[in-house]
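Visitor: Here is what each chain is made of, one letter per residue.
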Amino acid sequence: CATPQLPQSSEPANTLALAGRLSLVSGTPDAQKALYGGFRLVLRGAVSGEFEVFSPLGQMLAKAQWSSGQASLDNGRQIQHYASFDDMTRAALGVALPQAALQDWVRGRPAASLPSQTLTDGGFEQLGWKVQPTWRDGQLALLKAQRLAGDPAELRMAIESATTAAPQTAP
Amino acid sequence: ANSVQLLEQWLQQTRGASAQFTQTVSNPKGPAQAPATGQFAFERPDRFRWDYTKPYAQVIVSDGKQLWTYDHDLDQVTITPVTQAFKGTPAAIFAGTDLTRLFTLQAQADAGGLQWVQATPKAKDSNFDWIRIGLRSTAQGPEVAELQLRDAFGQISTMRFTAIKHNPTFGPDSFRFTPPKGASVISQP
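Chains as they are written, first to last, in this note's numbering: chain A, 1 to 171; chain B, 1 to 189.
You may find that some hints are simply not true.
[Unchecked claim] Calculated from the model, a selection of chain A residues having no Cβ within reach of chain B, i.e. all distances over 10 Å: (1) V25; (2) G58; (3) R90; (4) A92; (5) G128; (6) A153.
[What the hints assert, rightly or not] The calculated lysine-lysine pairs, modelled on BS3-like cross-linking and capped at a C-alpha distance of 27 Å, are: (7) K65(B) with K124(B); (8) K124(B) with K33(A); (9) K165(B) with K65(B); (10) K181(B) with K63(A); (11) K65(B) with K33(A); (12) K54(B) with K144(A); (13) K130(A) with K181(B); (14) K144(A) with K63(A); (15) K33(A) with K130(A); (16) K54(B) with K181(B); (17) K144(A) with K181(B); (18) K33(A) with K181(B); (19) K63(A) with K54(B); (20) K54(B) with K122(B); (21) K63(A) with K33(A); (22) K124(B) with K63(A); (23) K181(B) with K65(B); (24) K144(A) with K130(A); (25) K65(B) with K122(B); (26) K33(A) with K144(A).
[To be verified] Cβ-Cβ distance ranges computed for the label pairs, FRET-style: (27) S67(A) with K124(B): 28 to 38 Å; (28) R101(B) with D151(A): 35 to 45 Å; (29) T104(B) with L114(A): 49 to 59 Å.
No lab work stands behind these hints: they were computed from the structure.
Even glycine gets a Cβ: it sits at the ideal position worked out from N, Cα and C.
Hey, can you work out the whole structure from these sequences and the hints?
Guide: Pasting the structure below:
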């Protein structure tokens, strides 16, 4: 399916940094793959970012970086390069996570520039995924995203910390 | 005894232990993770459990056959074969099956009141550089007071153990895990 075009935001990109734990389960029940561990996700606007995954005991297992037109995945021993964020996440996780909307989903909202449908339970559907944010004291505490079409996949993120930084203005 | 001999004594005299742990992770290139604390226990050859209580609730239990990992917030249990748990991870130190087959052991300088051994994995595909084991002698024999692990990115995770009990008697359910009602359970082949 055609990858939705990223919104070309004109205003300077601010940076969102999230940390917590995540699980990603993909495949049919008889051949499921599960990834579980700590994560640190940094998003700089809509097109670039980095993502670190840790073992439950705190060991860094992989570090992904991407910007427009390229993505790379480092396991500490070797770096693999990919043409896009989607290709990288498909190779690394077995699931192509929709980059066009990810930076909004992790803020608990649908991407405004793409079609979506609000659901009665406070969630929403977008790009063939059902997304369920859970808020605690006004902060996004948990995010569940289930793929509705194609091979089953479910991403769960427990968000322990979220910080936003304004863009670095030139001196 | 030098530190490698002390480690060998510990391996001979220790069937199991329980302790409280504090885990800190230092990252030379970026912000480290928040410290975590909890309870740890193990019983040779292949049963152990880490019960994280702060800053989040996470349980990792090996019952000797399977490794159960439960995250309270995600409300999810992942089950994997226990063999993966021991393949070149800190758990292999506690399993005690011949360390010299899996690691090259080197005595290090004393530091922080402990005697240190560096265990470098022999497997080329290991996802960490080394584990350092900090030991001390006590009236009940040698004990492991600290573990440091440097991963492939240069991050160092440090586990400090306190309130250590040597060779305690574990109940039959000590290393058994029952998924909470309603949690989603994912078992991996």
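Visitor: Work down the list of hints and note, for each, if the structure agrees.
Guide: Comparing the hints with the structure gives:
With a least beta-carbon separation of about 5 Å from chain B, V25(A) fails to lie farther than 10 Å from that chain, contradicting its non-interface assignment. For G58(A), the shortest C-beta to C-beta distance to chain B comes to about 4 Å, within the 10 Å cut-off, and the non-interface label is violated. Look at R90(A): its CB is around 19 Å from the nearest CB on chain B, clear of 10 Å, so calling it non-interface holds up. Look at A92(A): its CB is around 14 Å from the nearest CB on chain B, clear of 10 Å, so calling it non-interface holds up.
At roughly 21 Å from the closest C-beta of chain B, the C-beta of G128(A) stays outside 10 Å, upholding its exclusion from the interface. The beta carbon of A153(A) is kept farther than 10 Å from every beta carbon of chain B, the shortest such distance being approximately 12 Å. Proximity of K65(B) to K124(B) is assessed by CA-CA distance (about 26 Å); at most 27 Å being required, the pair is judged to hold. Of the pairs offered as hints, the one joining K124(B) and K33(A) holds, with about 24 Å between alpha carbons and a cut-off of 27 Å not exceeded.
For the given pair, K165(B) sits about 25 Å from K65(B) by alpha-carbon distance, which is consistent with the 27 Å threshold. For the given pair, K181(B) sits about 34 Å from K63(A) by alpha-carbon distance, which is inconsistent with the 27 Å threshold. About 19 Å separates the Cα atoms of K65(B) and K33(A), which keeps this hinted pair within 27 Å; it holds. For the given pair, K54(B) sits about 23 Å from K144(A) by alpha-carbon distance, which is consistent with the 27 Å threshold.
Straight-line distance between C-alpha atoms of K130(A) and K181(B) comes to about 24 Å, which keeps the hinted pair within the 27 Å bound. Of the pairs offered as hints, the one joining K144(A) and K63(A) holds, with about 22 Å between alpha carbons and a cut-off of 27 Å not exceeded. In summary, the hint linking K33(A) to K130(A) is supported, as the alpha carbons are separated by about 20 Å, within the 27 Å threshold. At roughly 22 Å between alpha-carbon atoms, K54(B) and K181(B) fall within 27 Å of each other, so this suggested pair holds.
Between K144(A) and K181(B), the direct Cα distance comes to roughly 19 Å. Compliance with the 27 Å bound is thereby established for this hinted pair. Distance restraint check for K33(A) and K181(B): the Cα-Cα separation of roughly 22 Å lies within the 27 Å cut-off, and the hinted pair is therefore satisfied. Restraint check for K63(A) and K54(B): satisfied, since their Cα atoms lie roughly 25 Å apart, inside the 27 Å limit. Using a Cα cut-off of 27 Å, the hinted pair K54(B) and K122(B) is violated, with the two alpha carbons roughly 34 Å apart.
With a CA separation close to 19 Å, the supplied pair K63(A) and K33(A) stays within the 27 Å bound. With a C-alpha separation of about 20 Å, the suggested pairing of K124(B) with K63(A) holds against the 27 Å cut-off. Annotation: proposed proximity of K181(B) to K65(B) holds, straight-line Cα distance about 22 Å (limit 27 Å). For a cut-off of 27 Å, the pair hint linking K144(A) to K130(A) stands: about 8 Å separates their Cα positions.
Taking the CA atoms of K65(B) and K122(B), the gap is about 24 Å. The hint holds against a cut of 27 Å. A threshold of 27 Å between alpha carbons decides the hint, and for K33(A) with K144(A) the separation of about 17 Å falls inside it, so the pair holds. S67(A) and K124(B) have their C-beta atoms about 32 Å apart, which keeps the hinted 28 to 38 Å range intact. Checked against the given bound of 35 to 45 Å, the beta carbons of R101(B) and D151(A), roughly 40 Å apart, stay inside it.
Between T104(B) and L114(A), the C-beta spacing of about 53 Å keeps the proposed range 49 to 59 Å intact.
Of the numbered hints listed earlier, those contradicted by the structure are 1, 2, 10, 20.
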